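There are 2 protein chains.
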Amino acid sequence: MIKIFMSKLFLIFFSATISMMKKYNITCPSGFPEFSPAEERVRQNWLAVIRGVFEKNGFLPVETPLVEREENLLAKGGNPKEMYVLKRVQDDDDTSHSGNALRFDHTVPLALYVARHLNELAFPFRRYSIGPVLRGERAQKGRFRQFDQCDIDMIGSGELSLLNDALVAVVIVQLFEQLNIGEFFVRINNRKILTGFFENLNIKSKDISAVMMIVDDLEKIGATKVLENLVKLGVKKDLAQEILNFTEISGTNEEIFKRLEQIKGGELFTEGVQDLKEVFSALSAMNVPENRVKLDLSIARGLDYYTGTVYETILTGYEGLGSICSGGRYDDLAEVFTGKKLPGVGISIGLTRLLSQLFDAKIIEPERSSPTEVLIITTSPDFMSNALEIGAKIRGMGFCTENYVEDKKLGKQFDYANKLGIPVCVVMGESEVEKGTVQIKNMTSGEQTEVTLEQLEKGLKNILK
Amino acid sequence: MIKIFMSKLFLIFFSATISMMKKYNITCPSGFPEFSPAEERVRQNWLAVIRGVFEKNGFLPVETPLVEREENLLAKGGNPKEMYVLKRVQDDDDTSHSGNALRFDHTVPLALYVARHLNELAFPFRRYSIGPVLRGERAQKGRFRQFDQCDIDMIGSGELSLLNDALVAVVIVQLFEQLNIGEFFVRINNRKILTGFFENLNIKSKDISAVMMIVDDLEKIGATKVLENLVKLGVKKDLAQEILNFTEISGTNEEIFKRLEQIKGGELFTEGVQDLKEVFSALSAMNVPENRVKLDLSIARGLDYYTGTVYETILTGYEGLGSICSGGRYDDLAEVFTGKKLPGVGISIGLTRLLSQLFDAKIIEPERSSPTEVLIITTSPDFMSNALEIGAKIRGMGFCTENYVEDKKLGKQFDYANKLGIPVCVVMGESEVEKGTVQIKNMTSGEQTEVTLEQLEKGLKNILK
Chain A
1 MIKIFMSKLF LIFFSATISM MKKYNITCPS GFPEFSPAEE RVRQNWLAVI RGVFEKNGFL
61 PVETPLVERE ENLLAKGGNP KEMYVLKRVQ DDDDTSHSGN ALRFDHTVPL ALYVARHLNE
121 LAFPFRRYSI GPVLRGERAQ KGRFRQFDQC DIDMIGSGEL SLLNDALVAV VIVQLFEQLN
181 IGEFFVRINN RKILTGFFEN LNIKSKDISA VMMIVDDLEK IGATKVLENL VKLGVKKDLA
241 QEILNFTEIS GTNEEIFKRL EQIKGGELFT EGVQDLKEVF SALSAMNVPE NRVKLDLSIA
301 RGLDYYTGTV YETILTGYEG LGSICSGGRY DDLAEVFTGK KLPGVGISIG LTRLLSQLFD
361 AKIIEPERSS PTEVLIITTS PDFMSNALEI GAKIRGMGFC TENYVEDKKL GKQFDYANKL
421 GIPVCVVMGE SEVEKGTVQI KNMTSGEQTE VTLEQLEKGL KNILK
Chain B
1 MIKIFMSKLF LIFFSATISM MKKYNITCPS GFPEFSPAEE RVRQNWLAVI RGVFEKNGFL
61 PVETPLVERE ENLLAKGGNP KEMYVLKRVQ DDDDTSHSGN ALRFDHTVPL ALYVARHLNE
121 LAFPFRRYSI GPVLRGERAQ KGRFRQFDQC DIDMIGSGEL SLLNDALVAV VIVQLFEQLN
181 IGEFFVRINN RKILTGFFEN LNIKSKDISA VMMIVDDLEK IGATKVLENL VKLGVKKDLA
241 QEILNFTEIS GTNEEIFKRL EQIKGGELFT EGVQDLKEVF SALSAMNVPE NRVKLDLSIA
301 RGLDYYTGTV YETILTGYEG LGSICSGGRY DDLAEVFTGK KLPGVGISIG LTRLLSQLFD
361 AKIIEPERSS PTEVLIITTS PDFMSNALEI GAKIRGMGFC TENYVEDKKL GKQFDYANKL
421 GIPVCVVMGE SEVEKGTVQI KNMTSGEQTE VTLEQLEKGL KNILK
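Chains as they are written, first to last, in the numbering used here: chain A, 1 to 465; chain B, 1 to 465.
I should point out that these hints are in silico values taken from the structure, not numbers from a laboratory.
Source: prediction; values computed, not measured.
Some hints here could point you the wrong way.
Which copy is meant is left open, because identical chains are indistinguishable; a pair holds if it fits in one copy or across any two.
Said to hold, decoys possible - No more than 27 Å apart at the CA atoms, straight line, and that leaves these computed lysine-lysine pairs for DSSO-like:
hint, residue 1, residue 2
1, K204, K232
2, K87, K23
3, K294, K258
4, K141, K81
5, K23, K340
6, K409, K340
7, K340, K419
8, K225, K87
9, K341, K412
10, K225, K204
11, K81, K22
12, K277, K264
13, K225, K294
14, K294, K277
15, K206, K236
16, K412, K435
17, K204, K294
18, K393, K277
Next up, chain A with everything else stripped away, as it sits in the complex (with noise of 0.2 Å):
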């Protein structure tokens, strides 16, 4: 009776401070989600398990500024439209401030990082860099405006064994097997096959980049809407049957190879099928079982500065989920910035838009939201100097621990507990002090047992390990 009272001085009171209130619109800006703190701890798995693969691989660690000269960032390609241009309010006094913007990928960063460094740094230089970019799209389900990228590259000097590009492969395989969501395939290509073939058919040079694109696109919109498309571009039917064949050759790595070898196509072709077979063959020494790589002539990624291999990854039976990881080779990372040859081969996870696509198809399940494996709670606060002492000896052993603090019942911290998924309560009350014991709840089986102190890092391992 009284708490309802309450509740309802409380609420004129609400009232009264709402109206008075300015309404502020708390919402996040569009394109700019936040994961749940559930969420999160995933994300932050993840994170470790890629910047653990990234170093067992001897990538180097690179981080570059969120912030880089806008004309740098253009003179890579870089959309300004969708760029986002740093201003500050009033912005008259200090002009150190105009002509920056923020990055939108990791590449323009390297090839200025690349720029910046390029006497001191040991070529091939092997780089990683995690971090958020931000692209000012439109903002639509699954697309983000800030989204972390996870990517590597390896760069060389004046040229890059292509090696390289097996051993880039090789992350990948590392990569999903660890991260552990299911059977997977990394789908290879080199385009200098695709452009060799089209170029022998004597398609225009001008239209090879369309014919890569609709190519590309084969898995998205089938086999029809392909031939419908490379005909309203111009290519001859006979033609366009003829490259919707080629794409369409199947069979295991080896009888590609085959059927490749009894194609004939130009110079570059064939120079595309020898770079193709030396990956292959190193995939092979270093044992990555064939069905974790397979030989793709679909695959050509859209971008246009890929010139050799080309790489996606598909996770088998989320095959509508596109690729998961993607990358090439690339002849031209900062000849811009520097008047120098600097051939690369990377790839790159886009790594907010993808655990928002898992955690949307239920693919991950993120758990609780607390790390807390321990919370120790008290039946009064008279106890509350031996929970704390108690805390800090179970926090020793190595859990993750929480002492509940506030004057609350003790169904209000059972509550708390619940809410944020916390495994294990250990409860203090009167007789367990003056016993020297604790009560260990099991969250999950309800069960509770009481231990002596010196039987409490067992009893709590048992319900934890």
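Using the hints, position chain B against chain A.
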């Protein structure tokens, strides 16, 4: 000779290219520096330790967007002169980009986060946030426009037990014990004590924060200057001396508490002393050594929003660095957004600034830039396939492993290892491949031993573990 000729040719070509090239200013924009890979490795280790300690103490990970609504940032004390507002180059068509700005700390985003999720959160809500914030300050040595902050906060709904203030101090102690950069201690005070003492001296309310700011500078500017500044503010000379004497009270925590008992203060003063006693008695219940947590009446933390406990952390012998981790208790996190009382207590580490100070002062000396522990090199590309196989094996043993796959002389390959500080090279030549052995070269001692593949793991462990 040919080499010289070639390099001249190259120079001519290079100059020609240069002269045709547009010149780009490729330096980092002012205030947006980057760490070297060796420094970045230190930073990554620190981040892992910091995150680990936060989770060990049951803080939930919360990662808010880099971007918030400008209006919301300004509502909680954002300095409009330093805030970076986002614009797109062409921003006529899509208004959803306007009115957004980059976060300048983690506190306002926390306030917004709590406001957004008020009804889902379990209170007290403990969260950590680690990541970059951006401020358009004047760039100067040690002041950056983008820097990482690592924050924890505990937020109560309506009220929050004082014991949380002790738990926060424990986190600071754990943090710097694990970061292991030398002796340190946490200075603790309570602003109620200072405010109460000043009120009792009849300092006008409007002057109290100014007095607080002056006293806070004691260590930086010295006693004489503090007296001068107090008198300048209008405080009578004898009162100024009394204030100075008060803040200079020293001794063990127990001695200082005894002195405080002898001082006649007002109600607020007594409350502050009581609060601080409760915090220190909780610290001793948790067995925090007295040399780690020191009552210090001179610290106030300039910022106005602290209302109770305040913390600073001092690295012994490097007092000149100032506080390396600070924070305090505040009454109001998000009333402007929620209409509710949400008191909190928290701390923040300015990671970028701190690390850059520690590097400059050589308190931390970054070691090698590459994570690679073992580099596999060959005397000829003929043995590459064997080398790749061995590389995959060594990586499987758990070592960070890299194959050098470029076709370069042995000397160049060793240069590469030395430049990156890689500690071990595994060398494979004709005789090794024939015999099924490899050479292990300890790059530090120069020692080289031939081992069979069976002895390889042990041989590597001998050097690396």
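Outcome of the hint check:
1. Only within a single protomer do K204 and K232 lie at most 27 Å apart by alpha-carbon distance; the minimum there is 15 Å, versus 83 Å between protomers.
2. In this homomeric assembly, K87 and K23 come within 27 Å of each other (Cα to Cα) both inside a single copy, at 26 Å, and across copies, at 24 Å.
3. Taking the shortest alpha-carbon separations for K294 and K258, only the intra-copy value of 14 Å comes in at or below 27 Å, while the best inter-copy value is 77 Å.
4. Taking identical chains as interchangeable, the C-alpha atoms of K141 and K81 lie at most 27 Å apart only when both belong to the same chain, with a minimum of 20 Å there against 34 Å between chains.
5. Within a single copy, K23 and K340 get their C-alpha atoms only as close as 56 Å, which misses the 27 Å cut-off; across copies the closest is 14 Å, which meets it.
6. In this assembly of identical chains, K409 and K340 lie within 27 Å of each other by CA distance solely across copies; the values are 22 Å between and 70 Å within a copy.
7. Taking the closest pair of Cα atoms, K340 and K419 come within 27 Å of each other only across two copies (21 Å); inside a single copy the shortest separation is 58 Å, beyond that limit.
8. Taking identical chains as interchangeable, the C-alpha atoms of K225 and K87 are never at most 27 Å apart, the minima being 45 Å within one chain and 39 Å between chains.
9. For a Cα distance limit of 27 Å, the shortest separation of K341 from K412 across copies, 20 Å, qualifies, whereas the shortest one inside one copy, 66 Å, does not.
10. Taking the shortest alpha-carbon separations for K225 and K204, only the intra-copy value of 21 Å comes in at or below 27 Å, while the best inter-copy value is 81 Å.
11. With identical chains, the CA atoms of K81 and K22 are at most 27 Å apart between copies only, with a shortest distance of 23 Å across copies and 34 Å within one.
12. In this assembly of identical chains, K277 and K264 lie within 27 Å of each other by CA distance solely inside one copy; the values are 17 Å within and 87 Å between copies.
13. When the C-alpha separation of K225 and K294 is checked against a cutoff of 27 Å, the pair qualifies only within one copy, where the shortest distance is 25 Å, while the shortest distance between copies is 74 Å.
14. For the identical chains of this complex, K294 and K277 are intra-copy neighbours only, at 12 Å inside a copy versus 68 Å across copies, given an alpha-carbon limit of 27 Å.
15. Taking CA atoms no more than 27 Å apart as the test, K206 paired with K236 passes inside one copy only; the shortest distance there is 16 Å, against 85 Å between copies.
16. Taking identical chains as interchangeable, the C-alpha atoms of K412 and K435 lie at most 27 Å apart only when both belong to the same chain, with a minimum of 25 Å there against 71 Å between chains.
17. In this homomeric assembly, K204 and K294 never come within 27 Å of each other (Cα to Cα): the closest approach is 29 Å inside a single copy and 78 Å across copies.
18. For a Cα distance limit of 27 Å, the shortest separation of K393 from K277 across copies, 22 Å, qualifies, whereas the shortest one inside one copy, 59 Å, does not.
Hints 8 and 17 from the list above are not met by this structure, while the remaining hints are.
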